[in-house]
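A.B. asks: If you read the sequences in order, they're chains A and B.
Counting along the first sequence from 1, when you hit position 132 you're at 132 in the UniProt record's numbering, and nothing is skipped either side.
Counting along the second sequence from 1, when you hit position 46 you're at 46 in the UniProt record's numbering, and nothing is skipped either side.
No wet-lab data here; the hints were simulated from the structure.
One thing to keep in mind: the hints can contain errors.
DEER-style ranges, computed between Cβ atoms [as the list claims (entries may be wrong)]:
no., chain 1, residue 1, chain 2, residue 2, range
1, A, VAL20, B, ARG320, 51 to 59 Å
2, A, ARG224, B, ASP294, 54 to 62 Å
3, B, GLY209, A, ALA112, 31 to 39 Å
All C-beta atoms in this analysis are idealised placements derived from N, C-alpha and C, irrespective of residue type, glycine included.
Number of protein chains: 2
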Amino acid sequence: MTDIALIQSAAARLAGHARVTPLLNAPLLDALAGRRVFVKAECLQLTGSFKFRGGWSAVSALDPATRARGVMAYSSGNHAQGVALAAQRHGVPAVILMPADAPQVKIANTRAYGAEVILYDRATEDRDALGAALTAERGLTLVKPFDDAQVIAGQGTCGLEIAEQAQTAGVTEATVLTCCGGGGLTAGIALALESRAPALTVRPVEPAGFDDTARSLASGRIERNAAATGSICDAILTPAPGALTFPILRRLCGAGLTVTDDQALRAMALAFAHLRIVLEPGGAVALAAALFHDDLPDTVICTASGGNVDPATFRMALERYPA
Amino acid sequence: MTDIALIQSAAARLAGHARVTPLLNAPLLDALAGRRVFVKAECLQLTGSFKFRGGWSAVSALDPATRARGVMAYSSGNHAQGVALAAQRHGVPAVILMPADAPQVKIANTRAYGAEVILYDRATEDRDALGAALTAERGLTLVKPFDDAQVIAGQGTCGLEIAEQAQTAGVTEATVLTCCGGGGLTAGIALALESRAPALTVRPVEPAGFDDTARSLASGRIERNAAATGSICDAILTPAPGALTFPILRRLCGAGLTVTDDQALRAMALAFAHLRIVLEPGGAVALAAALFHDDLPDTVICTASGGNVDPATFRMALERYPA
């Protein structure tokens, strides 16, 4: 069970290994939004997303003999890179199962972090069966992308930093918008803020049409998305909130919000112009909500959860929204 | 005269107003460079460049009665925005003389920071005469872009942060590469490091063909550029090092380096991919030198001095260097 003590232990293990990312803001962005907007720039984290926090937390929490046999992850993107670098820096093997049609740059980067990447065909091969066979054969430990207590604790360290940085910025009350896939980051931040800054309330943000978390929060039980693909926000198209994350979200979060792909692209262009950071679509949905939703308070803190975007998509955002 | 005491006073005035920018790094960037590369991300400073430090330092150092009458600056870009926001936050007027052909986004942003922008025609009007008339008539104080003791002191606060962040990162010896125009940032950092981290040696980096500082350091006297335009690195195309900055550079800096416009564009694309920050061409020359020069030590710290780039130029960099 993830609680504040587990998050604090994760923070102690991450110190000196993960980056304390800055809380950015810009007067001209505030003017556009009509409110104060702070951006927790997790795109500046090692490997380009908050996923390194959870990866490091999980790998560092293993007992040394287990860890030495290596870790495994399933992922087409940010979790792959986070686990790969965490394993490399612990000097242990990482095996990452990636779909053969994952973006080439993400496959290349995962390999560059020293992982053994095994490609599978989404249409004809069973990922879980492949993974189970590999973990059994090699004694690997599976690091799940969000439904794991130590992964949630690692993502929660982002919340500890938000609590401290908000206080330094003089922010005593705010809505914290998170980019939400399976809910690991959202749950971790919500737990950290419950303990450290209870006047900061978390609301998850999702792509329109992939609002499993918003609908789950509304109905009180886990709801699933109808489709697995169909938004450019690939990093957060998880089928449903997790068994561990959802009870935390249900207890601590306000209602979910959604934004369109176009709003995410426009937020990317505005983050380029006013914050000079690179966001991927899925990492820009919280900022998009802060900019384009009306029913929010005077002060909003957004996670900018990742920046692993291919150049063509980024160029499209700048072309479509040049100012 | 700028010295460490003046820099420390500036740092005290900037505390809580300017941002402490992060020192970034990325394992895959190190692999490309063949050395450890740290990047001082001044593009994340308020107004998108280090110029806010010098602007704040100068405006905050004025006696209140003088300051209340307002400040003036000449600039087509980053200095304009830095002075404008510093004046706005002090509640005093700013008048910025900008060439009518300056980028529209820079004119618009300077106005958005509350400054009165006066446009002049570079071909037919005398900027200095216009400025002198305005300062006399309105009692404004001119804030020069680099050849001013308090401006250099403000830029030097970036050097204080580098000294502290390098120590935290375990870096005891390194070359510090600066993006160099008139030498305000370079001189300020060199003075700060002389006092706080003398094993970090500064070397200025300029665009090929606009290497007035490199040639001045080689000859021992102030040399000028042959042309005023002709590189995309517009932020650092200053005609010559300053009367105040050059003696500091001469005493403290190693030899200058140059990079081509194409190398600056490639560094922008690599900063996009591996650091997820937005750099303008003139803000990427130090990183370009770290990546593409061979005669550098194992550890290099680069200033990434600004990120105010128009979307079309950024798209061109990504299109030309997609990976």
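A.B. asks: Hints first: check each against the structure and report whether it holds.
C.D. replies: Hints and how they fare:
no.: 1; hint: VAL20/A with ARG320/B: 51 to 59 Å; in the structure: 34 Å, violated
no.: 2; hint: ARG224/A with ASP294/B: 54 to 62 Å; in the structure: 55 Å, holds
no.: 3; hint: GLY209/B with ALA112/A: 31 to 39 Å; in the structure: 35 Å, holds
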